[in-house]
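**Student:** Protein sequences appear in the order of chains D and S. So in our numbering, spot 108 of the first sequence is number 108, and the numbers just go up one at a time. So in our numbering, spot 179 of the second sequence is number 179, and the numbers just go up one at a time.
Just so you know, these hints were derived from the structure itself, not from any lab. There's no promise every hint is true.
As the list claims (entries may be wrong) - Chain D is faced by these chain S residues, among others (derived, beta-carbon under 7 Å):
#1 Thr44
#2 Pro93
#3 Leu205
#4 Ala219
To be verified - Non-contacting residues of chain D with respect to chain S, defined by C-beta distances greater than 12 Å in every case (computed):
#5 Met11
#6 Pro41
#7 Ala50
#8 Phe51
#9 Phe60
#10 Met84
#11 Ala110
All C-beta atoms, glycine included, are put in the ideal place defined by N, C-alpha and C.
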Amino acid sequence: MSAAGIHTPGMKNDYRARNHPAYWAFIVHRLSGLLLTLFLPLHFWALGQAFHGAAGLDGFLAWTQNPLVKFAETGLVLLLAAHMAGGARLLLIEFLDWREWQKSLLAVAAGLSLAFGLAFALNLG
Amino acid sequence: MQTLKVKVWRGAENGAFQEFEVPRQESQTVLDVVTYVQRKCDPTLAYRFACRVGVCGSCAMTVNGRSRWTCRTHVDKVAEDGSVEIAPLRNLPVIKDLVTDMREFFDKWAKARGRFSGSKTRKDEFERVSPESKERKRVDAGIECIGCGVCYSACDVVSWNKDYLGPAALNRAWTLVNDVRDTAQSERLAAVAGDAGCHACHTHLNCTERCPKGLSPTAGIAGLKRAVLSATLSGKI
Ligand code: HEM
Ligand code: SF4
Ligand code: SF4
Ligand code: FES
Numbered sequence: 001m002s003a004a005g006i007h008t009p010g011m012k013n014d015y016r017a018r019n020h021p022a023y024w025a026f027i028v029h030r031l032s033g034l035l036l037t038l039f040l041p042l043h044f045w046a047l048g049q050a051f052h053g054a055a056g057l058d059g060f061l062a063w064t065q066n067p068l069v070k071f072a073e074t075g076l077v078l079l080l081a082a083h084m085a086g087g088a089r090l091l092l093i094e095f096l097d098w099r100e101w102q103k104s105l106l107a108v109a110a111g112l113s114l115a116f117g118l119a120f121a122l123n124l125g
Numbered sequence: 001m002q003t004l005k006v007k008v009w010r011g012a013e014n015g016a017f018q019e020f021e022v023p024r025q026e027s028q029t030v031l032d033v034v035t036y037v038q039r040k041c042d043p044t045l046a047y048r049f050a051c052r053v054g055v056c057g058s059c060a061m062t063v064n065g066r067s068r069w070t071c072r073t074h075v076d077k078v079a080e081d082g083s084v085e086i087a088p089l090r091n092l093p094v095i096k097d098l099v100t101d102m103r104e105f106f107d108k109w110a111k112a113r114g115r116f117s118g119s120k121t122r123k124d125e126f127e128r129v130s131p132e133s134k135e136r137k138r139v140d141a142g143i144e145c146i147g148c149g150v151c152y153s154a155c156d157v158v159s160w161n162k163d164y165l166g167p168a169a170l171n172r173a174w175t176l177v178n179d180v181r182d183t184a185q186s187e188r189l190a191a192v193a194g195d196a197g198c199h200a201c202h203t204h205l206n207c208t209e210r211c212p213k214g215l216s217p218t219a220g221i222a223g224l225k226r227a228v229l230s231a232t233l234s235g236k237i
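Next comes chain D alone, as it looks inside the complex (with noise of 0.2 Å):
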């Protein structure tokens, strides 16, 4: 026997292991994830703004409209939609019996996500 015990930790796998689509999905959950929170205190920041009064608020409005802010927006509503949609995938995986359908979920959430993006992006002008 060797001497490795129990629980030592063994080679790890590296990129030629995880380069299939579930993986992805993976790595956009967890980025989209983390992204989101990293805007949600940014949000909650703008929202705040109205308790300074309503000229508070509405200059900051304005400077959203700014055409930089509304083409980072759309990337943020992308972020939102792909993150709920694969959030959806992942809920509807493991709520429901094991289906073979359930493998084109992937390609369902990313066309769902693209519809939002796309969307939200057209709606803008």
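Could you slot chain S with the ligands onto chain D? The hints should help.
**Tutor:** Relative to chain D, chain S with the ligands alone:
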């Protein structure tokens, strides 16, 4: 003659790859390649196999970065630019070369209460379980596991949490949860609940992607999550 460039892991975790040239053959498997290296190039190479036909589950290794059963993996399918890289399974202590210490993998089957507990004796009648019943169909979907460790090696949660029971042990527990004859259901659900159990799974599907028997441990783990939830809500565990 066509040759294959083979990089084989030598030593324990702090070892290194050693290169060999192996003649290509028709329908050659990765296990054939490893066997050639051991017989013709270096007899000190350590590796495991037994059945050579995908039954025993002892020949799993990491081939070009992915966990696979080697006896039924054709070189044609995995070679990249005429070369293959062969390493031991991930997430398990490496004893030597391509041989890992599988104790924790099997100990976790025991921890997940992966053994059957019945109430009948040989004097009783056979229990009748309809092949059409929901439970029996769920058992069928998970029962063909050969204990190869491919899924365990592919699972990131195993890398993150050394206590995580892992896909194979949880898949086994799920087949028993659906065994209508079993009498230890509450203990089993308690054993697979919690941080090191089914709730640690992030549904990456690495295991399902890799299982050579085409099983989906992810599906079984999702089933366990639901079973634990309803047992908790109804006060059974
Ligand atoms: C819109 C509806 C939402 C749904 C359906 C949803 C669903 C989920 C689900 C199912 C998970 C578990 C993923 C796993 O097991 O790995 C998760 C994780 C997470 N969510 Fe959401 N979520 C939503 C909104 C949000 C929002 C608004 C935020 C941030 C402000 C957020 C941040 C996160 C973070 C940080 C994680 C952890 C990611 C990980 O473990 O990889 N989620 N979400
Ligand atoms: S689905 Fe769960 S058990 Fe399977 S590889 Fe992913 S985290 Fe591990
Ligand atoms: S579930 Fe599949 S990959 Fe995992 S040990 Fe069983 S046969 Fe091997
Ligand atoms: S040698 Fe038995 S499964 Fe490969």
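**Student:** Next, verify each hint and record whether it holds.
**Tutor:** Tested hints:
1. Of the supplied interface hints, the one on Thr44 (chain S) is violated, with its beta-carbon coming no nearer than about 15 Å to a beta-carbon of chain D, more than 7 Å.
2. The interface hint given for Pro93 (chain S) holds, since its Cβ lies 4 Å from the closest Cβ of chain D, which is under the 7 Å cut-off.
3. Proximity of Leu205 (chain S) to chain D holds as hinted, the smallest CB-CB distance being about 4 Å (cut-off 7 Å).
4. Residue-level restraint check for Ala219 (chain S) holds (minimum Cβ-Cβ distance to chain D is 3 Å; threshold 7 Å).
5. Residue placement check: Met11 (chain D) does not keep its beta carbon more than 12 Å from all beta carbons of chain S (closest about 5 Å).
6. Taking the minimum C-beta to C-beta distance to chain S, about 25 Å, the non-interface status of Pro41 (chain D) holds against the 12 Å cut.
7. No beta-carbon of chain S is positioned within 12 Å of the beta-carbon of Ala50 (chain D); the least distance is around 38 Å.
8. Distance check for Phe51 (chain D) against chain S: the nearest CB is about 39 Å away, which clears 12 Å, and the non-interface claim stands.
9. At roughly 37 Å from the closest C-beta of chain S, the C-beta of Phe60 (chain D) stays outside 12 Å, upholding its exclusion from the interface.
10. Interface exclusion of Met84 (chain D) from chain S stands, the closest Cβ pair being 16 Å apart, more than 12 Å.
11. The beta carbon of Ala110 (chain D) is kept farther than 12 Å from every beta carbon of chain S, the shortest such distance being approximately 15 Å.
In summary, the structure is inconsistent with hints 1 and 5 from the numbered list given earlier, while agreeing with the others.
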